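Peer 1: With the hints as your guide, set chain H onto chain G.
Protein chains: 2
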Amino acid sequence: MKVDTLIINADLFTMQGDGVGYIDKGAVAIERGKIIEVGATEILKNNFEPEETIDATNKMVVPGFIDAHMHTHLSVIRGLAQDTKKWMHKGIGPFSDFITDAYAFPSSKMNILEGLASGTTTFGDYGNGMDDVASFIYKLGARGRLTTTVREVPEVLDQLQEEDLYPFEKAIGEKTLNANLDLIEKWHGKDNNRITTLLGPQAPDFLSTDLLMKIKKIAIEKDLKIHMHTTQAARETKQMVGRYNKRTIQYLDELNYLDERLIAVHMTDATNEEAKQLAESGATMTLCSGSIGIIRGEVPPVKAFLDAGGVSALGSDQAPGNNCNQIINEMKLTALFNKIKYDNPEVMPAWKVLRMATIEGAKAFGIGGEVGSIEKGKKADITFIDLASKAMLPVIKKPLRNHVPNLVYSARGEEVCRVMVDGKTLYLDNEFLTVDEDSIVKESQKLATELTSQITEEDIQITKGLEYMRENKL
Amino acid sequence: MKVDTLIINADLFTMQGDGVGYIDKGAVAIERGKIIEVGATEILKNNFEPEETIDATNKMVVPGFIDAHMHTHLSVIRGLAQDTKKWMHKGIGPFSDFITDAYAFPSSKMNILEGLASGTTTFGDYGNGMDDVASFIYKLGARGRLTTTVREVPEVLDQLQEEDLYPFEKAIGEKTLNANLDLIEKWHGKDNNRITTLLGPQAPDFLSTDLLMKIKKIAIEKDLKIHMHTTQAARETKQMVGRYNKRTIQYLDELNYLDERLIAVHMTDATNEEAKQLAESGATMTLCSGSIGIIRGEVPPVKAFLDAGGVSALGSDQAPGNNCNQIINEMKLTALFNKIKYDNPEVMPAWKVLRMATIEGAKAFGIGGEVGSIEKGKKADITFIDLASKAMLPVIKKPLRNHVPNLVYSARGEEVCRVMVDGKTLYLDNEFLTVDEDSIVKESQKLATELTSQITEEDIQITKGLEYMRENKL
Chain G
0 MKVDTLIINA
10 DLFTMQGDGV
20 GYIDKGAVAI
30 ERGKIIEVGA
40 TEILKNNFEP
50 EETIDATNKM
60 VVPGFIDAHM
70 HTHLSVIRGL
80 AQDTKKWMHK
90 GIGPFSDFIT
100 DAYAFPSSKM
110 NILEGLASGT
120 TTFGDYGNGM
130 DDVASFIYKL
140 GARGRLTTTV
150 REVPEVLDQL
160 QEEDLYPFEK
170 AIGEKTLNAN
180 LDLIEKWHGK
190 DNNRITTLLG
200 PQAPDFLSTD
210 LLMKIKKIAI
220 EKDLKIHMHT
230 TQAARETKQM
240 VGRYNKRTIQ
250 YLDELNYLDE
260 RLIAVHMTDA
270 TNEEAKQLAE
280 SGATMTLCSG
290 SIGIIRGEVP
300 PVKAFLDAGG
310 VSALGSDQAP
320 GNNCNQIINE
330 MKLTALFNKI
340 KYDNPEVMPA
350 WKVLRMATIE
360 GAKAFGIGGE
370 VGSIEKGKKA
380 DITFIDLASK
390 AMLPVIKKPL
400 RNHVPNLVYS
410 ARGEEVCRVM
420 VDGKTLYLDN
430 EFLTVDEDSI
440 VKESQKLATE
450 LTSQITEEDI
460 QITKGLEYMR
470 ENKL
Chain H
0 MKVDTLIINA
10 DLFTMQGDGV
20 GYIDKGAVAI
30 ERGKIIEVGA
40 TEILKNNFEP
50 EETIDATNKM
60 VVPGFIDAHM
70 HTHLSVIRGL
80 AQDTKKWMHK
90 GIGPFSDFIT
100 DAYAFPSSKM
110 NILEGLASGT
120 TTFGDYGNGM
130 DDVASFIYKL
140 GARGRLTTTV
150 REVPEVLDQL
160 QEEDLYPFEK
170 AIGEKTLNAN
180 LDLIEKWHGK
190 DNNRITTLLG
200 PQAPDFLSTD
210 LLMKIKKIAI
220 EKDLKIHMHT
230 TQAARETKQM
240 VGRYNKRTIQ
250 YLDELNYLDE
260 RLIAVHMTDA
270 TNEEAKQLAE
280 SGATMTLCSG
290 SIGIIRGEVP
300 PVKAFLDAGG
310 VSALGSDQAP
320 GNNCNQIINE
330 MKLTALFNKI
340 KYDNPEVMPA
350 WKVLRMATIE
360 GAKAFGIGGE
370 VGSIEKGKKA
380 DITFIDLASK
390 AMLPVIKKPL
400 RNHVPNLVYS
410 ARGEEVCRVM
420 VDGKTLYLDN
430 EFLTVDEDSI
440 VKESQKLATE
450 LTSQITEEDI
460 QITKGLEYMR
470 ENKL
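As you go down the protein sequences, you meet chains G and H in turn.
Counting from 1, position 100 in the first sequence corresponds to residue 99 in numbering that gives the first Met the number 0; the numbering is continuous, with no gaps.
Counting from 1, position 45 in the second sequence corresponds to residue 44 in numbering that gives the first Met the number 0; the numbering is continuous, with no gaps.
Derived by calculation from the structure, the hints in this document are not laboratory data.
Each pair may be met inside one copy or between any two copies, as identical chains are not told apart.
Below, simulated DSS-like cross-link-like pairs (lysine-lysine); rule was C-alpha separation at most 27 Å, straight line:
#1 Lys24 to Lys441
#2 Lys44 to Lys33
#3 Lys302 to Lys84
#4 Lys84 to Lys340
#5 Lys85 to Lys302
#6 Lys397 to Lys441
#7 Lys340 to Lys302
#8 Lys463 to Lys85
#9 Lys340 to Lys362
#10 Lys340 to Lys275
#11 Lys396 to Lys463
#12 Lys275 to Lys302
#13 Lys340 to Lys237
#14 Lys85 to Lys340
#15 Lys215 to Lys362
#16 Lys85 to Lys245
#17 Lys189 to Lys174
#18 Lys189 to Lys215
#19 Lys441 to Lys396
Note that the structure is predicted; figures quoted are calculated from it, not measured.
Okay, chain G solo, but in the shape it has when bound:
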């Protein structure tokens, strides 16, 4: 049978079954962007006549990584709100007014390339200006699963104390919901579902109950998922208790918001009991270990969530406080932070976080039927890792295989040598095949310099940052 592409001789980790689904000298046949057969090279070589053969000898081949939660528009201020408490109000808050779409978008592009070059194939970007991001991801050839932020709180967080209840403005809610609906209208399902969209109420404390219920109604009508920051910090709990006299999960439960439509991001301030309640409701989770570790020094209750049968994706969140946007980093930090939290090196083994980065992540993000494993009938989103990389050497196959632990604990991103979406190679040996990296880098740098040149010391509220700048500690 004729096919477009045959990958052969791979150290193939299909993620089929409940482990990593390893096939030695594995092969994958791809036709029109879809995987039509997976198996031994010897067999597939006999059964298929490929247009293109990709010899993956000494390559670890895995499903493309799912980054289920990013705010790429914030990468224009990567590294500017660090090592500080009150990160949201006083850290990034003061910069927010300055970051218009025109400044943010070039860095968003840079950030997406950073992820792709580290093996991410699905980008769960979340913010404003998503139409531009959608166009870029569409052109790049990657998979986008995008969300517009819907909120009723004006840009005044930097003027508030954390104990002040946020003001709500109905007009902002209408405007942002309309932007979300426009995104959905224009992009949802584009190019055979390569670009899809979600509804994005920012967080239970950022919009009124009315608007939250309106969004839920739309979600049901349009059959969409709801991508929402949920119990993201003690700060949110204070708002919820102050306004409704109840904690987030109880509030959402009473609104019938806890079901398989909800993707709850962060869960930082959830108790183990609340995590369990969420898992049992069918809602899924997105864990952003790096960003929550850096900006809060906390480890969300993902173990309690998984133990209760929940499914969680990984997300890289935002650059002024993660600071990198790539999933290999998230796998490593998720494994390590949880070992430390539970004082137990057997907690969160490598295979478990690799599943969260691939098949579990795809399920949690609502695209488990299409991607997340290398499996007959799924789309060919595939990441290749060069096993001759210094961090992956030596490669050992018996008596134990060391690929998965070394990918999680040793690899850094640069080992990724090929990234494919819908069967099409987008990145190969440090080159992007569909966009011009150089011009994106230059534009991103130029606009970041222009943006930050407008910001003075007086605008900044991150006390630690200014103190460090004055003391020559930055």
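Peer 2: Okay, now just chain H, sitting in the frame of chain G:
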């Protein structure tokens, strides 16, 4: 004045003073491997006529990183003892008999290249077969500060339970001490102190009081530092209490072992009070965040140690349980693990861990007078980071600089574009200039395959590893 090399236009982080010692458009004049002037490019360009000019425009230039604790010989089994309790006895223990010098050395070389390519200039390797390692580092041109393991415990750990007191064999002590003395005799001070050596009693529970005292006497006579694993785990504390009825720090204190000659590695099981006692004694510390996080799920009391005025280096430890050997990773994990331990994002800011990787590390490791900062009179061990790397973009200089947070929280190692030791470039744009990487990679892989082909499932005791292998989770 004529000089060998002039580095110009750098975003220069000298680490002078108590911060990061930043100089915009900085320059460094180097003559015969030594830094003879540091300052503004405009001024130094007028004062020096260089043989070679290195234009460091858009490069972050920092002192070469100090990796004060490595066991490169174990990298031949990278990734084989993971996600398991009883790592030392049941994890790497069963492999130990198989790892002869002939198998270990090629992987040691690979491992040292991994570190160099990530900006490490000083390699604190610790193990057996150090003569070969010294020869390789000498040839490579890097800085070696090497230690032979001295112990009296035979290779029987995998046959013991953790509660059994280790047997001591005097003959093993004599043999290993002689090997340590041979290393010192042959290498200490070689090439104008580029290779130096230390005394290496493995840990207080691995040799008798007599041998420990003998080593201390030699240290004083020869004016050498003692590089010793100290309170490295609860396992050690059990041995000490079982044998001497006291904890490690009290035992060492009574032996007058706590002074500026001691470099105490790990300190995992030390209380904050013991960490303070150690700091006040003048002893220094080496912290291996990555390895202790992975193999024990613990965060050593480095904050208590630093708060009490102690000085600590960073170390990458060993590959079957870290798994990478590079200091950018150690900076990041040190900052993050401590934020989490103290539930406080302001703990261990980026500048502090960068100091541990450079100037504080050099001081803790006993070479603070020679390297660790870019400073007149010091040796020119310098690492260049490409600011056009995806993980470092955009570069911002005002109102806050973002170089240091992005190096610590975002960079992964591949951003290192040039590494210089004693003023000589050893690594440039992915190429090693003094050794042939290809042949080292091939040899390392070949011998690792040969080694592991001798090991059967029956030899392995890592229950989790075998279980995972059978369940297709590796």
